[in-house]
Amino acid sequence: MDEIRRSKAPSSRFNKPCILIIDITGNDGLCIKKTVVAAIERFAYKGVASNLVTFLTQELNMTSAAAAKSVNSWYGVNSMLPLLGAFLADSYWDRYSTIFCSSLLYLLGLVALTSWAMLCTWMPVMTLFLPLYLISTAQGGYNPSLQAFGADQLDGDEEHCQPPSVNINRDDGNSNSKEKSWFFQWWYFGICSGSLLGNSLMSYVQDTYGWMLGFTIPTMAMGISVLCFAVGSRCYVHKQKRQNATIKLVPSDGEGVEIEMRPILDPIVNIATGLDHQSPAPAPPLPTLSVIKVLSSLLPIWTVLLMFAVIFQQPSTFFTQQGMAMKHTIGKTNFKIPPASLQSSITISIIVLMPLYDRLIIPSIRLLSGNVKGITIFQRIGIGMFFAIMAMVVAAVVEWKRTKNIFEEGKLSIFWLLPQYVLLGISDVFTVVGMQEFFYTQVPSTMKSIGIGVYLSVFGVGSFLGSFFITAIEFFTCEKDPAGGACWFSDDMSKAKLYKYYSLLATAGSVSFLMFLYNCQHFHVTSSFSYHLQDGK
Numbered sequence: 023m024d025e026i027r028r029s030k031a032p033s034s035r036f037n038k039p040c041i042l043i044i045d046i047t048g049n050d051g052l053c054i055k056k057t058v059v060a061a062i063e064r065f066a067y068k069g070v071a072s073n074l075v076t077f078l079t080q081e082l083n084m085t086s087a088a089a090a091k092s093v094n095s096w097y098g099v100n101s102m103l104p105l106l107g108a109f110l111a112d113s114y115w116d117r118y119s120t121i122f123c124s125s126l127l128y129l130l131g132l133v134a135l136t137s138w139a140m141l142c143t144w145m146p147v148m149t150l151f152l153p154l155y156l157i158s159t160a161q162g163g164y165n166p167s168l169q170a171f172g173a174d175q176l177d178g179d180e181e182h183c184q185p186p187s188v189n190i191n192r193d194d195g196n197s198n199s200k201e202k203s204w205f206f207q208w209w210y211f212g213i214c215s216g217s218l219l220g221n222s223l224m225s226y227v228q229d230t231y232g233w234m235l236g237f238t239i240p241t242m243a244m245g246i247s248v249l250c251f252a253v254g255s256r257c258y259v260h261k262q263k264r265q266n267a268t269i270k271l272v273p274s275d276g277e278g279v280e281i282e283m284r285p286i287l288d289p290i291v292n293i294a295t296g297l298d299h300q301s302p303a304p305a306p307p308l309p310t311l312s313v314i315k316v317l318s319s320l321l322p323i324w325t326v327l328l329m330f331a332v333i334f335q336q337p338s339t340f341f342t343q344q345g346m347a348m349k350h351t352i353g354k355t356n357f358k359i360p361p362a363s364l365q366s367s368i369t370i371s372i373i374v375l376m377p378l379y380d381r382l383i384i385p386s387i388r389l390l391s392g393n394v395k396g397i398t399i400f401q402r403i404g405i406g407m408f409f410a411i412m413a414m415v416v417a418a419v420v421e422w423k424r425t426k427n428i429f430e431e432g433k434l435s436i437f438w439l440l441p442q443y444v445l446l447g448i449s450d451v452f453t454v455v456g457m458q459e460f461f462y463t464q465v466p467s468t469m470k471s472i473g474i475g476v477y478l479s480v481f482g483v484g485s486f487l488g489s490f491f492i493t494a495i496e497f498f499t500c501e502k503d504p505a506g507g508a509c510w511f512s513d514d515m516s517k518a519k520l521y522k523y524y525s526l527l528a529t530a531g532s533v534s535f536l537m538f539l540y541n542c543q544h545f546h547v548t549s550s551f552s553y554h555l556q557d558g559k
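In the numbering used here, the protein residues as written are 23 to 559.
Quick caveat, the hints were computed from the structure, so don't treat them as lab data. Just so it is clear, CB atoms sit at the ideal spot from N, CA and C, and this is done for glycine as well. There could be a bad hint or two in this list.
What the hints assert, rightly or not - Derived pair list, reagent style SDA-like, types lysine to any residue, alpha-carbon separation capped at 25 Å:
1. 522 - 440
2. 522 - 491
3. 349 - 248
4. 433 - 230
5. 433 - 491
6. 358 - 438
7. 426 - 350
8. 519 - 409
9. 349 - 253
As the list claims (entries may be wrong) - Pair ranges (Cβ atoms, derived):
10. 516 - 109: 25 to 33 Å
11. 529 - 349: 28 to 36 Å
12. 349 - 155: 33 to 41 Å
13. 147 - 391: 52 to 60 Å
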């Protein structure tokens, strides 16, 4: 019989900003709450990723376009592998074991990267990507499982055999639904707090004290994260399984696919009422056709979000290149602002806006709209997409002004880049959190990690799409003009035409936004997870 271990029951109410809600209670009654495992991991990751394009151009002498493509490809793999890792975690492993093993592999990758920085003089350039992609492999299991595992801690009063409602445009006021919405919101708040330190502190350390120390600190941080997670192992809500859930794809009369699913988890004990079901009934199999319909119905929304993911990659690539070509000293002092540290303005925007969103914006909208959640998930995603487009418009204008100022007044101050960063921060608060909630709630309860993996895959495919854009633009501008006068991505930033690239992204983003609005009007999810369909209809 499957078992569920749980600590002394904290209330499942989620009303504080935390990352992973746990109670760690020893014999002496000591209680350690609100572990920030995900925030520490984000600090470690951003400590490596945020300034990677600078490392590639300055230390390895890559061109701006080559460095951007390398970083985009790495981001793409980072975001795509979680889909595979989520499937394995939900189908063959359990989330806790996946997180723990992946975190050890993650730590190994960071140790290897630090060692490479120490021995870089004797190391072939291509070997740098071995530790980087080892980190990617670890993230494949770590990220979706950790977030789904965190959400599991709130499900004590919810029957896991009952799949979530699929009507995302209607809120029934269910308290668990509101808790989940708050969870994803504050989860993102937490990882942005970790990202803020990673972007700002580590960029300064790497530019000032070198890359060996700059990679050592994230490695130590990840070690702390692993330790923090392991300390609470006895007291998490563990969902143990004795049999694997399988998803088999079998031809069905040559016309379709048949999916055979067995539930991973038994129903969870209801903590709110204290009911203890000694022999919980297994969840009935989900209707095959209904599962296919629901998953395929997510594809139009997934597709139109790809351009948002392309825009999402700009701060760590070409925004940083912009900053390197601008004046980044403060006044008459010699203190230099690392260009990559401006990425922290995105996280500052999120940290400032998130409490306002929860305490001021949503209550105001709730009064006007009558919707318990204030706005629907689609409305939240759409608002964020609009701000992302505005960020690209502003970026194009600022870049055009920068190129003009070089010849007229000298270098433009790096602070001119702040508006585009802030707009992307506002965009993230709406779209990214909305995407997390959307993809998490639209899959069966036994596939929650896969739901997070599908969300992350948007950024993975978006990163590869961004690399494709760069390659295509290079071919049509740089390759046909050896002198570099027409090249959009010239290494000589006085000749580069990034404002054209940003304008292209703004245009493509606008088209995607219009397609998103169209899909919202025609988006119909069948009630395939409702238990009144157990007769197979």
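Now for the hints, and whether the structure bears them out:
Straight-line distance between C-alpha atoms of residue 522 and residue 440 comes to about 19 Å, which keeps the hinted pair within the 25 Å bound. At most 25 Å may separate the alpha-carbon atoms for a hinted pair to count; residue 522 and residue 491 meet this at roughly 13 Å. Our distance criterion of 25 Å between C-alpha atoms is broken by residue 349 and residue 248, whose separation comes to about 40 Å. Between residue 433 and residue 230 the CA atoms are separated by roughly 22 Å; this keeps the pair inside 25 Å, and the hint holds.
A distance of roughly 28 Å separates the Cα atoms of residue 433 and residue 491; the hinted pair therefore is violated under the 25 Å criterion. For the hint pairing residue 358 with residue 438, the CA-to-CA distance comes to about 15 Å; that is within 25 Å, so the pair holds. Between residue 426 and residue 350 the CA atoms are separated by roughly 18 Å; this keeps the pair inside 25 Å, and the hint holds. Proposed proximity of residue 519 and residue 409 is supported: the alpha carbons are some 23 Å apart, at most 25 Å.
At roughly 46 Å between alpha-carbon atoms, residue 349 and residue 253 are farther apart than 25 Å, so this suggested pair is violated. Take residue 516 and residue 109: their Cβ atoms lie about 48 Å apart, and the range 25 to 33 Å is violated. Between residue 529 and residue 349 the C-beta distance comes to about 30 Å, which sits within the given range of 28 to 36 Å. For residue 349 and residue 155, the hinted distance range of 33 to 41 Å is satisfied, since their beta carbons lie about 36 Å from each other.
Against the hinted window of 52 to 60 Å, the Cβ-Cβ separation of residue 147 and residue 391 comes to about 55 Å, which satisfies the hint.
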